[in-house]
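A.B. asks: Keeping the supplied structure of chain A fixed, place chain B upon it in accordance with the hints.
Here is how the chains run, residue by residue.
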Amino acid sequence: MAMQVTRRSALGIAATGAMLLGFAGAASADDVWSDLRRDVFDNREVVEDGLVELDAPYRAEDAAVVPVTMRLPAAAGEVKTLTLIVDKNPAPVVATFHLGEAAGKGDRMLSTRVRIDMYSNVRAIAETADGKLHMATKFVKASGGCSAAASKDADEALASLGKMQIRTFDAADAKDRTPPTREAQVMIRHPNFTGMQMDQVSRQYTPMRIVSEMDVKRDGERVFKMEGGISISENPNFRFTFVPGKENVIDVTAKDTEGKVFTATSAGKGA
Amino acid sequence: MDLRSMLRSKNREVFPNVTSLLVGAILLAAGITLAVPARAVDALAVEEVAPGVFVHQGRYEVFNPQNAGDTSNSGFIIGNDGVAVVDTGGSAKVGAALLAAIRARTQLPIKYVINTHMHPDHVFGNAAFLGEKPTFVGHAKLPRALAARRDRYLAINEELLGDSFAGTQIVGPTLLVNGELELDLGDRKLQLEAEPTAHTDNDLTVLDEKTGTLFLGDLLFSHHIPALDGSIRGWLALLDKLGERQDVKLAVPGHGPAAMPWPQAMADEKRYLSKIADEVRTMIKQGKTLSEAAETAGLSEKDAWLLFKEYNARNVSAAFAELEWE
Numbered sequence: 001m002a003m004q005v006t007r008r009s010a011l012g013i014a015a016t017g018a019m020l021l022g023f024a025g026a027a028s029a030d031d032v033w034s035d036l037r038r039d040v041f042d043n044r045e046v047v048e049d050g051l052v053e054l055d056a057p058y059r060a061e062d063a064a065v066v067p068v069t070m071r072l073p074a075a076a077g078e079v080k081t082l083t084l085i086v087d088k089n090p091a092p093v094v095a096t097f098h099l100g101e102a103a104g105k106g107d108r109m110l111s112t113r114v115r116i117d118m119y120s121n122v123r124a125i126a127e128t129a130d131g132k133l134h135m136a137t138k139f140v141k142a143s144g145g146c147s148a149a150a151s152k153d154a155d156e157a158l159a160s161l162g163k164m165q166i167r168t169f170d171a172a173d174a175k176d177r178t179p180p181t182r183e184a185q186v187m188i189r190h191p192n193f194t195g196m197q198m199d200q201v202s203r204q205y206t207p208m209r210i211v212s213e214m215d216v217k218r219d220g221e222r223v224f225k226m227e228g229g230i231s232i233s234e235n236p237n238f239r240f241t242f243v244p245g246k247e248n249v250i251d252v253t254a255k256d257t258e259g260k261v262f263t264a265t266s267a268g269k270g271a
Numbered sequence: 272m273d274l275r276s277m278l279r280s281k282n283r284e285v286f287p288n289v290t291s292l293l294v295g296a297i298l299l300a301a302g303i304t305l306a307v308p309a310r311a312v313d314a315l316a317v318e319e320v321a322p323g324v325f326v327h328q329g330r331y332e333v334f335n336p337q338n339a340g341d342t343s344n345s346g347f348i349i350g351n352d353g354v355a356v357v358d359t360g361g362s363a364k365v366g367a368a369l370l371a372a373i374r375a376r377t378q379l380p381i382k383y384v385i386n387t388h389m390h391p392d393h394v395f396g397n398a399a400f401l402g403e404k405p406t407f408v409g410h411a412k413l414p415r416a417l418a419a420r421r422d423r424y425l426a427i428n429e430e431l432l433g434d435s436f437a438g439t440q441i442v443g444p445t446l447l448v449n450g451e452l453e454l455d456l457g458d459r460k461l462q463l464e465a466e467p468t469a470h471t472d473n474d475l476t477v478l479d480e481k482t483g484t485l486f487l488g489d490l491l492f493s494h495h496i497p498a499l500d501g502s503i504r505g506w507l508a509l510l511d512k513l514g515e516r517q518d519v520k521l522a523v524p525g526h527g528p529a530a531m532p533w534p535q536a537m538a539d540e541k542r543y544l545s546k547i548a549d550e551v552r553t554m555i556k557q558g559k560t561l562s563e564a565a566e567t568a569g570l571s572e573k574d575a576w577l578l579f580k581e582y583n584a585r586n587v588s589a590a591f592a593e594l595e596w597e
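Protein chains in written order, with this note's numbering: chain A, 1 to 271; chain B, 272 to 597.
Think of the hints as simulated: they come from the structure by calculation, not from any bench.
Hints may contain errors.
Claimed, not checked - 20 Å max Cα-Cα, derived EDC-like pairs, lysine to aspartate or glutamate: (1) A/Lys260 - A/Glu221; (2) A/Lys138 - B/Glu563; (3) A/Lys141 - B/Glu566.
The model shown is predicted, which means the values in this text are computed figures rather than measured ones.
Chain A extracted, bound-state conformation (with noise of 0.2 Å):
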């Protein structure tokens, strides 16, 4: 098990105890990037090839909601694994994506919305089939998103947690990609306390509480699986292709760092 120790203090468990540290020990701004090629790659060589693509704002209006986007073209064949890293976050590994059947091996889009603590570099890092690591980087001017307060409207947060809601459409450029996909969207109500947002009640940090882990499917095959962190915003949200399927019914089960499953399944036959 020493594997899944490593993955979950990358994730952010662990290292949320060194943030609060004040970050003791952190090695330079330059030296980020290959400490985390060092623990998150083993060392691997990772190239800047143009093969991922990553978009995301050069300033972003809410640190605590910054959205990315990572693109695989056709090209890319097939793909393990997405990562997405923010340096500079006190657990930069915002999450892991595998990949799965359903995600395709033409252009594949994958979104969500993440926290930036402090201005930083955003990766994402792109496992093809041959086990080659290819990467993509964005400078990304955002601050305080890991400790921002958790919500505008605490109690609403709170009645609602763990609500979801599915959506599958058309994206506009779908019939530019090749084969054509589908797209879809995932949200769930959730305020992924990261560990580092102050309780006004007990004057304590409000204890990390995140959804850890997702699954998706089409029809029953799987799109793609993630291992999030803390990083992930409040309300995780995610938006990305498939390839159609027969009911294009896209089903998810996520489950907490408390151990709570949250299951939601999309109307099907989606438009």
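C.D. replies: Then chain B, alone, in the frame of chain A:
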């Protein structure tokens, strides 16, 4: 601030102006130690918008060292027995200048300092009033909101204000309003109402019964683009409800002129918020993304507001994240 502490912090620009520096030096040379008289602080300009009701109009700017956080409206109401302050500006320095404006008009005790909501430009001046020992009043959800944002608000605002941040601290309410509360200033009653989530989740309105003057805090913006940090649906619904009130004659916005006619004062803000809500709803229906909405929604309002660039995309993002759950 007394003279000694002013001199101790000589590396910081705590002196309001060169004149007071000279006065301080002269007093020191004469071996006189005494509290700095209120006149050493330049009083904020205020306007008497109704008998006994005074409002300072903040600048249409974001925080910077030059404005010292004087970017929002604040005011005070003078009764027979005491004074109530409504919002205190964005730094202890602005709060002290507001206090000087009050003391130029009355020596009655300051009984209440009321905050209309959690934002730094409305509460960071509270510290300047601590010496007056007022009761600090706020929405029942204000303490939680301030606690959750405390460190972040302090850090960001110190960075934005530089030396003019000196002395600023967060002073939360001790008297909480759940529903409604009446305060008496001596032959002058104030009606406080804790509102449901709108601009924020801790908006409080203050009505001076005598003159029908309603302090709306940031439930009302004029000229300065509205900033959404609560619920766009809640805000629009609340504006409709407030518009039905018969006891209001005059409105004091959180950002805008010192006073405005009611209910016409709300028209521009309503138009802006409705437009954002409509456009965002349409884009959600069309399957557009948050990023796409942030780039295009509300652009037709560009010339109608000051600070549009600073707030519009953020407002749209917040509206999108709320409305996509409808």
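A.B. asks: Determine for every hint whether it applies to the structure shown.
C.D. replies: These are the hints, each one checked on the structure:
1. A/Lys260 - A/Glu221: Answer violated: A/Lys260 to A/Glu221 is near 23 Å, above 20 Å.
2. A/Lys138 - B/Glu563: 18 Å, holds
3. A/Lys141 - B/Glu566: At roughly 17 Å apart (the allowed maximum being 20 Å), B/Glu566 and A/Lys141 satisfy the hint.
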